[in-house]
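Given the coordinates of chain A, work out where chain B should sit on it, guided by the hints.
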Amino acid sequence: MLTIQGLSKKFYKSTENEIEVFNNFNLYIEENKCTAIIGPNGCGKSTLLNILAGSILPDSGRIILNGEDISNLSEENRSRLIGRVYQDPSMGVSPSLTILENMSLADKKGEKFTLRRLVKKNTIDKYVEILKSLDLGLEHKLNTKVKYLSGGQRQSLSLIMATMKHPDLLLLDEHTAALDPKTSYIIMEKTKELIDKYKITTIMISHNMKDAIRYSDRIIMLNKGKIVLDKPNKDTTEEELIEIYRTKLFEQIA
Amino acid sequence: MNSLIITSIEQGLIFAVLAMGIFITYKILDMADLSVEGTFPFGAFIFAKLVSTGVNPFVSTILAFGIGSLAGLMTAVLFIKLKIKPLLAGILTMTTLYSINLRINGKSNIPLFNFESVFDIGPALLILVVTVMAIKITLDQFLKTEIGYLLIATGDNESLVKSLGANSNKFKTIGLMLSNGLIAFSGALMAQYQGFADISMGTGIIVIGLASIIIGDTIKKDSSIFNSTTRAILGAIIYKIIGGIAIDLGLSPNDLKAISAIIVIIFIAYNNLASDFLASIKNKGEKKYANNTRIIKKVLQKH
Chain A
1 MLTIQGLSKK FYKSTENEIE VFNNFNLYIE ENKCTAIIGP NGCGKSTLLN
51 ILAGSILPDS GRIILNGEDI SNLSEENRSR LIGRVYQDPS MGVSPSLTIL
101 ENMSLADKKG EKFTLRRLVK KNTIDKYVEI LKSLDLGLEH KLNTKVKYLS
151 GGQRQSLSLI MATMKHPDLL LLDEHTAALD PKTSYIIMEK TKELIDKYKI
201 TTIMISHNMK DAIRYSDRII MLNKGKIVLD KPNKDTTEEE LIEIYRTKLF
251 EQIA
Chain B
1 MNSLIITSIE QGLIFAVLAM GIFITYKILD MADLSVEGTF PFGAFIFAKL
51 VSTGVNPFVS TILAFGIGSL AGLMTAVLFI KLKIKPLLAG ILTMTTLYSI
101 NLRINGKSNI PLFNFESVFD IGPALLILVV TVMAIKITLD QFLKTEIGYL
151 LIATGDNESL VKSLGANSNK FKTIGLMLSN GLIAFSGALM AQYQGFADIS
201 MGTGIIVIGL ASIIIGDTIK KDSSIFNSTT RAILGAIIYK IIGGIAIDLG
251 LSPNDLKAIS AIIVIIFIAY NNLASDFLAS IKNKGEKKYA NNTRIIKKVL
301 QKH
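Each protein sequence line maps, in turn, to chains A and B. For the first sequence, the positions run 1 to 254 when the working numbering is used. For the second sequence, the positions run 1 to 303 when the working numbering is used.
Chain A on its own, in the form it takes in the complex (with noise of 0.2 Å):
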């Protein structure tokens, strides 16, 4: 489980174009359940994401993974505990090394890297095996540098190397949104096979309303920093999503 408690962040602080993206956030995720987070461009759920993930810092608050306070831990401890995928197949993976060395640092995550060979040989068929499972065809392609991959079969990378592992806290950074609708398909699929196979704790960004509907436990709409719908997934509708965003943007008109 996760607890996140009294956030506060401001960016450009004391200047005139000071943003308060939250104050006094406070949120509770269960484990093993799929959290999305929605809301407008602004409403600060990357920011969230960044802030639980280490790369940006909070001006206060605290956050508790699993009864463990992590808010002081740097990005690459804190990174032990938390994998991540972003919307930029590109992040996940080392672009000019092969599938199969990025496999082997991603096995390597958390531990010490030393002067020892990376690529072990008693290692492939286990990576062999899990490349099957995303029935892309990667398995052959072993020895291809990652960069000579499709987006889809980056991103499919991305996530295999985030969740090998089995970290506690898995992030997903509107992870579909650069893929075409079957990829984006494909990779939501496999997202939440592994997720329940694993039982990883997830907290999903997304724009899309039913993804965000139809692969999590919980939805939670966020508006200027602040929580403005927090519900079941089986209690929501697409439509009523629409409402909301529709309503809230008349109201930022006026």
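Just so you know, these hints were derived from the structure itself, not from any lab. Treat each hint with caution, since some may be false.
Said to hold, decoys possible - Below, a list of computed lysine-lysine pairs in the DSS-like style, where the Cα atoms sit at most 30 Å apart:
| id | chain 1 | residue 1 | chain 2 | residue 2 |
| --- | --- | --- | --- | --- |
| 1 | A | K112 | B | K27 |
| 2 | A | K145 | B | K49 |
| 3 | A | K112 | B | K107 |
| 4 | A | K108 | B | K81 |
| 5 | A | K10 | B | K81 |
Then chain B, alone, in the frame of chain A:
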């Protein structure tokens, strides 16, 4: 002509060490480290100082590597801790090294003819081939280790390195130190080869290093037989041979720097434009082929 080729190959091998150093920053870390121009003579002056105080030339050359790597550490601190842009950080290190180099021995030119050198034990070509191969193999093996791969990944995608729980700054520092160590080592070899260390020996050296890497990249582009370090070595040797031929044809050594720049421009232009050019030739060729087949068909129809 023969001795010119051998001299070019020998000098090329010395520059191959430099090229492997520049390869680490320029290609792996994707960073233009200009401190090279100070580090190359730095290695030469460290060697001169040590060998003139009676240190064994082999030990002195290896120490030039170790002390030279501190120049990389300086650039890394400026760049990582003080957040100075890499380009400027390199220039600041280079400028600082200029004064340090003059301080090391108290003068700008130190003759080394009266001191021992690593080339005393046998033919220079053999010694250089063995040295360069040893460095190449060590570097190749290093890049296959867990730390080596993180070095590559740091230049490729820093957020991946962080997500793996590693500190990418550490690997930038390792890369810069290794690179500058090799460059200083190359400078120490050059000082022994030419018999003196001189403050101006670093001028334009970055162009030689980049030229070597760029020429190396042009050799059988799609072939996977040549890995990156082999390419850097071959590039350095080819570069030196081209330069040697240019002088042999009667060009003044004063023009060498401009020739270096022109060589770099030609090879980069070739790398960037050749594929377009070839494609346009191929297109024309295909049109011609299409025309020919049409004519043949007409002829056949007539009969």
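Now the hints, each set against the structure:
no.: 1; hint: A:K112 x B:K27; verdict: 25 Å, holds
no.: 2; hint: A:K145 x B:K49; verdict: 46 Å, violated
no.: 3; hint: A:K112 x B:K107; verdict: 46 Å, violated
no.: 4; hint: A:K108 x B:K81; verdict: 27 Å, holds
no.: 5; hint: A:K10 x B:K81; verdict: 25 Å, holds
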